Amino acid sequence: MISLDSADESSLPRRVGRAPIRGRLLSTILGFGTLAVVTCMLAPLVGSTSISLTRAFDPSIPFDQNVDAQIFFVARLPRVLAGALVGSALASAGVVLQAMLRNPLATPFTLGVSAGASLGAMLVIIFGGAFALGPLSAVPAASLVGAAAATAVVYWLASRHGHAISTSVLLLAGVTLNSFLSALIMFVQYLADFAQVYRAARWIMGDLDIGSYDPLIASLPLVVVAFVLFALLPSSLNLLSVGKDAAASRGVDVRHAQRLAFFSASLATAAAVSLAGPIGFVGIVVPHLVRLLVGVDHRIVLPASALFGAAFLVACDLLARTLLSPVEIPVGVVTAMIGGPFFLWLLVRKS
Amino acid sequence: MATRAQKLVALVALAFVVFSLDGPRAQEKAPVSAPRRIVSLVPAITEMLFAVGAGPQVIAVSSYDEFPPEVKALPKVGALIDPDTERILALRPDLVIVYGSQSELEKQLERSGHRTFSYRHGGVPTTLNTIRELGVATGHRAEADTLASSLQSRLDAVRDRVKSRRQPRTILVFERQPGTLRDVYASGGVGFLNDMLTIAGGSNVFADVSRESVQPSVETILARAPDVILEVRASGLIEKTTSPERDAWSPLSSVPAVRNQRVHLLTGDYLVVPGPRLAAATEAFARALHPDAFK
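Chains A and B, in that order, are what the protein sequence lines are.
Just so you know, we're using my numbering here: the first sequence kicks off at 5 and counts up by one.
Just so you know, we're using my numbering here: the second sequence kicks off at 113 and counts up by one.
A few of these clues could be false.
Said to hold, decoys possible - So, partial list: chain A residues that the calculated Cβ filter (under 10 Å) puts toward chain B:
hint: 1; residue: Asp62
hint: 2; residue: Pro63
hint: 3; residue: Val78
hint: 4; residue: Tyr194
hint: 5; residue: Gly215
hint: 6; residue: Asp257
Read the hints as simulated data drawn from the structure, not as lab findings.
Remember, it's a predicted structure, so these values are computed and weren't measured experimentally.
Where a beta carbon is used, it is the ideal one built from N, C-alpha and C, also for glycine.
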């Protein structure tokens with residue numbers, strides 16, 4: 005709707021996919037990178053309690069007696085890092101899927117990956133199981149399995165006929181799978197006890213308070229792999245977002261590019277959702293905000309969204325944990341309440 | 113989920129309104145006598161009914177009811193968000209016990225001429241008052257008074273026993289993601305869990321939060337630094353994994369409860385139902401908080 009349509013074929017410069025952009029890329033990354041780094045450095049300094057930084061970093065106090073250090077290193081730092089990782093992963097997955105599906109409404113949750121992850125998490129929350137796979141505790145492990153299953157089903161449906169993935173089939177299959185899995189989630193919740201329904205409902209709202217580094221260690225490799233794959237994508241995304249035929253005529257291996265886009269976005273989404281639950285809105289509002297600011301070239305939009313997504317979610321979580329303290333607001337509520345109006349304001353101003 | 117179920121309830125209720133508009137109006141309220149066909153949709157109340165001797169009058173219970181063992185043989189007619197109105201009506205009850213939030217169901221039952229008894233969880237005094245009220249409503253006034261008084265004196269005994277001791281600052285956790293410190297739910301400064309904790313000689317670290325439950329972040333738990341972590345769960349999964357569950361707290365080594373190994377895990381349905389077993393639960397809390405007082 006917004007920027008994707010403006011890149012229709014007639015207005016496409018002949019070599020838009022490959023035009024030199026080094027200068028702009030550098031300045032964009034510098035700008036958004038500074039924003040992300042500053043946000044991540046400031047966020048652990050603030051919280052519901054005020055701590056003394058000199059005490060927190062005083063090595064002469066034993067760690068198990070240093071409340072300030074524990075608040076900084078056990079409560080806040082992993083939480084901020086999780087926010088950066090999840091925000092970055094969701095925003096990038098949003099960019100990739102919007103381009104690949106040629107649909108500005110696509111989000112990382114459109115293709116059923118997050119619903120699969122949620123069903124996995126619900127099953128463990130409600131029917132139990134306190135197993136752990138290394139640093140991965142039961143709920144994240146199950147949500148990864150659910151996400152993988154949903155990804156496999158959607159891919160199988162969309163790639164059965166023909167050479168390239170049909171984006172419309174992919175979209176319809178994803179949306180249908182989403183509804184189907186949501187129904188299963190409701191059914192599972194219906195069978196549950198009150199206490200478990202509580203926890204299940206809370207998980208669905210999304211939460212970054214991970215309380216240790218283990219969940220981060222478990223998710224980091226997945227996100228890194230996803231980002232390496234993302235790095236291969238931008239030029240083909242530029243062409244794919246115009247159309248399959250246009251992309252093919254300019255030498256893009258459409259099937260390969262689509263597969264890469266689909267699996268990398270699914271991987272990033274699965275890692276993010278298993279770490280923090282399905283935090284909404286980041287995956288749609290950040291890419292569009294970034295496009296409004298830097299244009300439509302995915303070589304710039306993708307890294308800028310990754311960095312801005314990190315800053316955005318860390319900032320939203322900062323508000324979530326301080327605004328009503330000691331009570332916390334679910335971070336998904338904050339992302340929607342801050343991101344929505346701001347996005348609409350930008351939209352109206354721009355047009 | 114809840115809203116969907118509520119919609120369903122509303123829909124069913126609506127159907128009945130339409131039905132009863134042109135049907136003959138149900139009998140006006142029958143003269144109040146001891147009910148002989150009681151349906152209880154609230155497990156805590158079911159326990160109270162059996163404890164005051166009204167058990168034989170109970171003909172159906174909620175799908176969450178498990179205590180006393182007699183209820184296992186009774187028909188189950190749904191629960192808080194999914195009461196099976198049709199079955200309830202078909203059982204021809206003369207008293208239906210509903211939860212305070214089931215106002216649609218209550219209205220509908222009253223419209224069709226059924227007596228209802230509406231209840232909401234509150235503090236320990238609420239439970240004792242409710243026992244007395246149920247005694248009056250079911251024709252077991254004397255037994256109910258005896259029960260309420262004996263519970264009161266057991267609670268008083270606990271209070272007296274621990275009164276003179278230092279009250280450890282306690283977090284009372286009733287839910288959390290197993291094996292992690294995520295989604296921790298703790299008792300706030302009101303409600304029966306808070307009352308029981310206070311009687312048992314604990315000082316709730318969330319006494320200042322005037323809600324029944326708090327969902328503290330790791331930071332908040334570190335900052336409130338409780339002396340004791342008291343975890344209560346209905347029996348089930350957690351029993352098999354007691355030791356790793358205690359280990360879940362170990363990253364928070366600056367919390368006195370963790371440093372001094374005062375993380376207590378109590379399991380049992382009786383701990384989390386505000387019914388006649390709350391004195392036993394309070395005694396269990398007190399034993400965990402003040403082991404020396406019970407030597």
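Hints, one by one, checked against the model:
| no. | hint | in the structure |
| --- | --- | --- |
| 1 | Asp62 | violated, 13 Å |
| 2 | Pro63 | violated, 15 Å |
| 3 | Val78 | holds, 6 Å |
| 4 | Tyr194 | holds, 7 Å |
| 5 | Gly215 | holds, 4 Å |
| 6 | Asp257 | violated, 42 Å |
The structure does not agree with the numbered hints 1, 2, 6 stated previously, though it agrees with the rest.
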